[in-house]
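Novice: Residues per chain are reported as follows:
2 protein chains.
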Amino acid sequence: MGQQELKKPTEDFWDKYQPGLAIDCVIVGYHERELKILIMEYENTDLYALPAGFIEKNEDLDTAASRALYERTGLKDIYLSQFHTFGKSDRNDTEAMEIIMRSNGLDFDKDHWLLRRFVSVGYVALVDYKKVKPTAGFLSSQCSWCDLDSIPPLIQDHQKIIDKAILYLRDHVDDKLLGANLLVDTFTMKDLQKLHETILGEKLHRTGFHRKMMDSGHLERLGKKKTGKAHRSPYLYRFSSDKE
Amino acid sequence: MGQQELKKPTEDFWDKYQPGLAIDCVIVGYHERELKILIMEYENTDLYALPAGFIEKNEDLDTAASRALYERTGLKDIYLSQFHTFGKSDRNDTEAMEIIMRSNGLDFDKDHWLLRRFVSVGYVALVDYKKVKPTAGFLSSQCSWCDLDSIPPLIQDHQKIIDKAILYLRDHVDDKLLGANLLVDTFTMKDLQKLHETILGEKLHRTGFHRKMMDSGHLERLGKKKTGKAHRSPYLYRFSSDKE
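Those sequence lines, one after another, are chains A and B. Going by our numbering, the residue at position 233 of the first sequence is 233; the numbering climbs one at a time, nothing skipped. Going by our numbering, the residue at position 85 of the second sequence is 85; the numbering climbs one at a time, nothing skipped.
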C-alpha cells in the first residue's frame, strides 16, 4: 500500500480491495516482564494507531492479516488469531484521518474511500520481541513498541481493540502456543509464572501454578539452569512438541 | 429486505448497505435433549442456508445482527454473540446464488451485488425453542428447525459456520447465560447435565458435574420437583440473578 493507492478514486480502490473492510493487528511482544504492543505514529500529527491492512479482492482474510503482519514486522509463520470484528457505525474518526491525509500532502474529497465507514477484523499476533524489525507503513507512519500500560491515545476505537485482545489472551493464557510464542525456548517455572501474571494482571500462588502447569502435560523438564550454585539453581523447562 | 432490493443496481445497494459484508446467524434452540438450528430453504431449489442479513450504512454490526434475528424469529433481547468472521476468498457459491435468483424470476447480470464476494460475520443466538415463530425471508425462502445432527447440505461454507458456532458453545458451556437461555426457568440437575452433554457431545460424570455446578455459585436450589413421590423427587434449580 503506497501513496499511489491513496490517490486512487474510490471505485478503483474498491476494484482492488474488499470495500469497507479493514484489518487491525494487535501485535504483542513480551520483554522484561512487560507486554509490548506495536504502535504506528503518523509523523507531524501526534496521531497514533494500530497497524492496519486491507483485504485484496481475491485474498483470504487470514492471508491479508499475515501479509499486514509481515509488512510491519518482517515475520512470517507466527501465532496470529482473529479475535473479534469491530463494527460500530461511529467507529471511524474522520477528523484524524483528514489530518493524516493532509499532512501527507494528499488531495482528497469528502467521499474519499479512506473517509468512509470501515468494519475492522481484529487479529492478535504473538511475536518474539527480539526478532521483530518494526517497519514504517504508508502515510509516513513510524512503527515502534509501546508498553501496554503506557500506550498513547489512539485514533478510532483502537484502544478498545487492544483491550479486547488482552481479554482474549487472558481467556487463552493456558494455551500452550501462547507461552511458546512469547517466551524464549527454555525458561524457568518462575519465568512462565511471571508471563501468566503479566497477562492476567494478578499475582498467582507459586505451588498451585507449578502443579497446574505440570498437570497440563505441555511442559518438559530439562536440566538445571547454570548459575554456579547448583543446589539453588532452578530447573529449565520447554514446551513439549506436539508429537509427545 | 424485499424483492425490490434485489432488483437494485449494485451501486444503489452499496449506497444503502455496507458493501461486501454480510451476517450469518446460527440460531440455536434446545428441545427434548436435541440442539436445533434454524435453517432457510429456498423453494423449488433444494438449496438450504443459514439465515443471513446485511448491515445498513449507518447501523452497528450488532444491531444488524439483532435485526436479522428478529426478522427470522420474532424475538428481541436475546443472547446473541459474535463468534468468528468468515473470509475465505472462495466462500461464495455463485452457482447456488444464480439458481436461487433465477427461481425468483429475477433478471440479473454477472456483476450483480449478490454474486460478488462477501465476508460474513458469524453470530450465534440462543433462543427459547417454544417462543420462536420461524418467519420466511426474502428470495421465497422458508425457515424451519433442523436437528443439529440432520442438517441438509448447505450452500457456501454454512456448515463450517455451524461447526465453528458449536465449538464456541463448547468453549462457553459453563457460561451461566448459555444455560439460562436454553433451559426453562427451573430445571433439575439432570436436565442441566443433559444440556451440557448434548452441547459437549460426551457423557459427564454425575457427581463431578453436580459438584462443579454447585461450586460455580450460579445456581440456586429451590424445592423438590412435584412428582408424587416426595422422597425420590429431584430438587429444582434456577440460575441465580446477577445481584446475588
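Keep in mind the hints are simulated off the structure, nothing from the lab. Treat the hints with caution; some may be incorrect.
If several chains are the same, the list does not tell them apart, and a pair holds so long as it fits within one copy or across any two.
[Unchecked claim] Each computed DSS-like pair below joins lysine-lysine, with the alpha-carbon atoms no more than 25 Å apart:
#1 LYS88 / LYS164
#2 LYS110 / LYS16
#3 LYS160 / LYS57
#4 LYS57 / LYS7
#5 LYS203 / LYS88
#6 LYS212 / LYS160
#7 LYS7 / LYS130
#8 LYS57 / LYS88
#9 LYS226 / LYS110
#10 LYS57 / LYS8
#11 LYS226 / LYS16
#12 LYS224 / LYS57
#13 LYS76 / LYS88
#14 LYS190 / LYS76
#15 LYS7 / LYS164
#16 LYS133 / LYS226
#17 LYS110 / LYS203
#18 LYS160 / LYS36
#19 LYS203 / LYS8
#20 LYS176 / LYS110
#21 LYS7 / LYS212
#22 LYS110 / LYS190
#23 LYS164 / LYS176
#24 LYS133 / LYS110
Novice: Does each hint hold? Answer for all of them.
Specialist: Tested hints:
Taking the shortest alpha-carbon separations for LYS88 and LYS164, both the intra-copy value of 14 Å and the inter-copy value of 24 Å come in at or below 25 Å. Within a single copy, LYS110 and LYS16 get their C-alpha atoms as close as 21 Å, and across copies as close as 18 Å, so both meet the 25 Å cut-off. Within a single copy, LYS160 and LYS57 get their C-alpha atoms only as close as 28 Å, which misses the 25 Å cut-off; across copies the closest is 22 Å, which meets it. Proximity of LYS57 to LYS7 under the C-alpha cut-off of 25 Å is found in both arrangements, the shortest distances being 19 Å within a copy and 24 Å between copies.
Taking the shortest alpha-carbon separations for LYS203 and LYS88, neither the intra-copy value of 35 Å nor the inter-copy value of 41 Å comes in at or below 25 Å. Taking identical chains as interchangeable, the C-alpha atoms of LYS212 and LYS160 are never at most 25 Å apart, the minima being 31 Å within one chain and 33 Å between chains. Taking the shortest alpha-carbon separations for LYS7 and LYS130, neither the intra-copy value of 36 Å nor the inter-copy value of 55 Å comes in at or below 25 Å. For the homomeric pair LYS57 and LYS88, the shortest alpha-carbon distances inside one copy (23 Å) and between copies (11 Å) are both at most 25 Å.
For the identical chains of this complex, LYS226 and LYS110 are neighbours neither inside a copy (63 Å) nor across copies (68 Å), given an alpha-carbon limit of 25 Å. Within a single copy, LYS57 and LYS8 get their C-alpha atoms as close as 16 Å, and across copies as close as 22 Å, so both meet the 25 Å cut-off. Taking the shortest alpha-carbon separations for LYS226 and LYS16, neither the intra-copy value of 56 Å nor the inter-copy value of 66 Å comes in at or below 25 Å. Proximity of LYS224 to LYS57 under the C-alpha cut-off of 25 Å is found in neither arrangement, the shortest distances being 53 Å within a copy and 60 Å between copies.
When the C-alpha separation of LYS76 and LYS88 is checked against a cutoff of 25 Å, the pair qualifies only between copies, where the shortest distance is 19 Å, while the shortest distance within a copy is 31 Å. In this homomeric assembly, LYS190 and LYS76 never come within 25 Å of each other (Cα to Cα): the closest approach is 29 Å inside a single copy and 49 Å across copies. For the identical chains of this complex, LYS7 and LYS164 are neighbours neither inside a copy (33 Å) nor across copies (40 Å), given an alpha-carbon limit of 25 Å. Taking the shortest Cα distances, LYS133 and LYS226 never come within 25 Å of each other, neither inside one copy (31 Å) nor across copies (69 Å).
Proximity of LYS110 and LYS203 under a CA criterion of 25 Å is satisfied in neither setting, with 50 Å inside one chain copy and 59 Å between copies. In this homomeric assembly, LYS160 and LYS36 come within 25 Å of each other (Cα to Cα) only inside a single copy, at 16 Å, whereas the closest approach across copies is 34 Å. Taking CA atoms no more than 25 Å apart as the test, LYS203 paired with LYS8 passes in neither setting, with 52 Å inside one copy and 59 Å between copies. Proximity of LYS176 to LYS110 under the C-alpha cut-off of 25 Å is found in neither arrangement, the shortest distances being 47 Å within a copy and 47 Å between copies.
Taking CA atoms no more than 25 Å apart as the test, LYS7 paired with LYS212 passes in neither setting, with 55 Å inside one copy and 60 Å between copies. Taking CA atoms no more than 25 Å apart as the test, LYS110 paired with LYS190 passes in neither setting, with 55 Å inside one copy and 61 Å between copies. In this homomeric assembly, LYS164 and LYS176 come within 25 Å of each other (Cα to Cα) both inside a single copy, at 20 Å, and across copies, at 21 Å. Proximity of LYS133 to LYS110 under the C-alpha cut-off of 25 Å is found in neither arrangement, the shortest distances being 35 Å within a copy and 44 Å between copies.
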